[in-house]
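Top line first, the protein sequences correspond to chains A and B.
Okay, so the first sequence: first residue is 10 according to the numbering used here, each after it adds one.
Okay, so the second sequence: first residue is 88 according to the numbering used here, each after it adds one.
With a straight-line Cα cutoff of 20 Å, these simulated EDC-like cross-link-like pairs (lysine to aspartate or glutamate) come out:
(1) A:Lys-129 to A:Asp-116
(2) B:Lys-118 to A:Glu-101
(3) A:Lys-31 to A:Glu-44
(4) B:Lys-100 to B:Asp-119
(5) B:Lys-146 to A:Asp-90
(6) A:Lys-129 to A:Glu-91
(7) A:Lys-97 to B:Glu-125
(8) B:Lys-116 to A:Glu-70
(9) A:Lys-97 to B:Asp-135
Just so you know, the hints here were simulated from the structure itself, not pulled from any lab data.
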Amino acid sequence: MSDSLRIGVREFQSRLMVGTGKYANDQLAIDAIRESGADIVTMAIRRVNLGQNKDESNILELISPNEFTILPNTAGCYTADESVRTCKLARELLGGHSLVKLEVIGDKNTLLPDMPETLKAAKDLVKEGFEVMVYCTDDFDYAVALEDVGCVAVMPLAAPIGSGRGIENPHTIEAIVKTIQVPVIVDAGIGTASDATLAMELGCDGVLLNTAIAGAQNPVIMAAAMRQAVKAGRSAYLAGRMPKSDQASASSPIEGVIHS
Amino acid sequence: MKNIQVSINAESKEIPHNLNIPQLLDFLKLKDELLVVELNEQVVMRADWATTRVGEGDKLEIVKAIGGG
Chain A
10 MSDSLRIGVR EFQSRLMVGT GKYANDQLAI DAIRESGADI VTMAIRRVNL
60 GQNKDESNIL ELISPNEFTI LPNTAGCYTA DESVRTCKLA RELLGGHSLV
110 KLEVIGDKNT LLPDMPETLK AAKDLVKEGF EVMVYCTDDF DYAVALEDVG
160 CVAVMPLAAP IGSGRGIENP HTIEAIVKTI QVPVIVDAGI GTASDATLAM
210 ELGCDGVLLN TAIAGAQNPV IMAAAMRQAV KAGRSAYLAG RMPKSDQASA
260 SSPIEGVIHS
Chain B
88 MKNIQVSINA ESKEIPHNLN IPQLLDFLKL KDELLVVELN EQVVMRADWA
138 TTRVGEGDKL EIVKAIGGG
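So that you can see chain A by itself, here it is in the shape it has in the complex:
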């Protein structure tokens, strides 16, 4: 059965999206990313080092736009203007590619997003023709507002970036999923496979994670676990879980039990 993910006009087979940061080396990064089965791969935009480094490797040679859909992010930006500027650089770098992950950070310790600036940046980017996948808090009103300004995906956090704490507010995530029409992708805070499964069971359309794989003892095995976890959670959501009950209910018939 085909169950592809539509984001704007694009269609993807995998509902797992992965980052490319924090890997011990390039080979481990590409091995884990391939094992994850992800179609969409995030990257950051940074100044080059002005040194004698003509042969320094470039991540786009390793993780090619021919193999993956590159999702440049605005990580490290603290204002709407900085993030719009970063997206424009990314678009030129990637030959006119307009799909971006917007994040505007509000605080350097918590790395929680600055939502008023995020909303402002989202409006500006949509006006500039970008397809905006937006990282946000799990705030219901902002999620709705971000859809209203034209974002192609809304990406509430499970927990702070890199914390691995899992989904802290499943009820608000569920409320967002039930209300907005564009894909909801849990982004940040996933720690292990069961967290990704829970996100999908709540009805999220996808999961975006980085440290949960890159920071695992064995990233390649964890990448496989995440691929399976997202699929399992999605299937469980589509299947429709049994109702919960306060009462036990025997699975084996009562009738015909031998009694002494």
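Go by the hints and put chain B onto chain A.
Frame of chain A; chain B shown alone:
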């Protein structure tokens, strides 16, 4: 010809007069593919690299993609 002072990635640099973007990247010993250049806060489209000249006091940013989440 005199050298000029510019800012590149927030570093003050002295570079030769009247370089275009490919010549600037060559001067900086940077491979010209897989990076993007901003001049005075405006992205320089690759098609305009050859005709864009760097002048005294210009502010440049030269960026690339790196690993991130």
